[in-house]
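Listed below, chain by chain, are the residues.
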Amino acid sequence: MTRNVWITAAVISFAGAAFAQEHVATLRSGTPLADNAEPPAIAKVVNSDLRQVRNYPEQPPLIPHKIDGYQIDLNANQCMQCHSRTAVEVSQAPMISITHFMSRDNQFLASVTPRRYFCNQCHVVQVEARALVENGFVDIDSVLEYVEQNQGSSD
Amino acid sequence: MFGFLRKLWGTIRRPSVHYSLGGLTMGGFIMGVIFWGGFNTALELTNTETFCTGCHEMRDNVFAELKTTIHYSNRSGVRATCPDCHVPHEWTPKIARKMQASKEVWGKIFGTINTREKFLERRLDLAQHEWARLKANDSLECRNCHSAESMDITRQSPRAADFHERLLFTGEKTCIDCHKGIAHELPNMKEAMLEGSVVLSSAQAAASDDLHDYLNQHAQP
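Heads up: the protein sequence lines correspond to chains F and A, in order.
Heads up: the first sequence is residues 1 to 155, going by the working numbering.
Heads up: the second sequence is residues 1001 to 1221, going by the working numbering.
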């Protein structure tokens, strides 16, 4: 009998805790502090080799291929093995654009400028995963279309 | 086999650039012929990763780096060990390789790479030896596991399929031309390029030659 009371009490307190946590969004998502949550599966990197839409002209294009193990350090930059000026003949990859050769003073250097050496600062791969937060970004074309359609009424 | 013997004889007769190995090599070879079986067993013993990583030079540098790569751990559970990539499996090149290995024992004695700094300093040279070897044998060790014939490029990513179809299957390039640094970190590639051991395109090769000529003419101290 006392055992059942204890179990009921435990169940109620757990349910209470769970209820309370439901309303607080945390990265731990309800895992007690002392425990380790089961990590989510590692999402697969998109390796379609299809260049993706740029959301605005200044956007560093997304990398459409996997970059596992591509070394970028003082010794080597493996991205340049395909994207450097001289490599594109063999690789048939797009060359780093002229902006990548420009120093701070807008001088064109012989090769990639130091401030663009670490490609992953700006270019990233994509994974097949659900977005963690909703994104309300609207493409400029849609904005223009919207403005055009509503021009008569708004003027 | 006769071609090999003739070549070997040539190697032994030619005065060694580094040190006299002729006597040692000859003795080793004769012993090898006599104790063929025993020699083979000894080779098997030294043909293990445990043997290679017995030296801290190998364990702390190249082995540590290998551990993060696909050849150490992958979804298939098939592993490549040091001798898979570095010691040919066939008899004849195997012996030749072992003879070269005695140089490594020298290295140990003279401590050419017994600190991380010394290793990094020397890394480009060591890597270049490996690249030259794999280039010369058409990436034999890679092909022991990966064969171009069994490669189903329709199952590869378009980028991989394109490279393999255009340049591998046509025999224009071999694995190591494109897959450097697959198992360990790369040495200074800018130096490698200047020295001509890494070439991306014919235009670059020409440019590099021109540059060398220019530097030779103008950069005398």
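Quick caveat, the hints were computed from the structure, so don't treat them as lab data.
Owing to the predicted nature of the structure, the values given are computational and were not obtained by experimental measurement.
Misleading hints may appear alongside valid ones.
[What the hints assert, rightly or not] Here are some, though not all, of the chain F residues that point toward chain A, as calculated from beta-carbon distances under 10 Å:
id, residue
1, 74
2, 78
3, 80
4, 96
By construction, the Cβ of each residue, glycine as well, lies at the ideal position given by its N, Cα and C atoms.
Do the hints match the structure? See the list:
no., hint, verdict
1, 74, "8 Å, holds"
2, 78, "7 Å, holds"
3, 80, "9 Å, holds"
4, 96, "14 Å, violated"
Of the hints listed earlier, the one the structure fails to meet is number 4.
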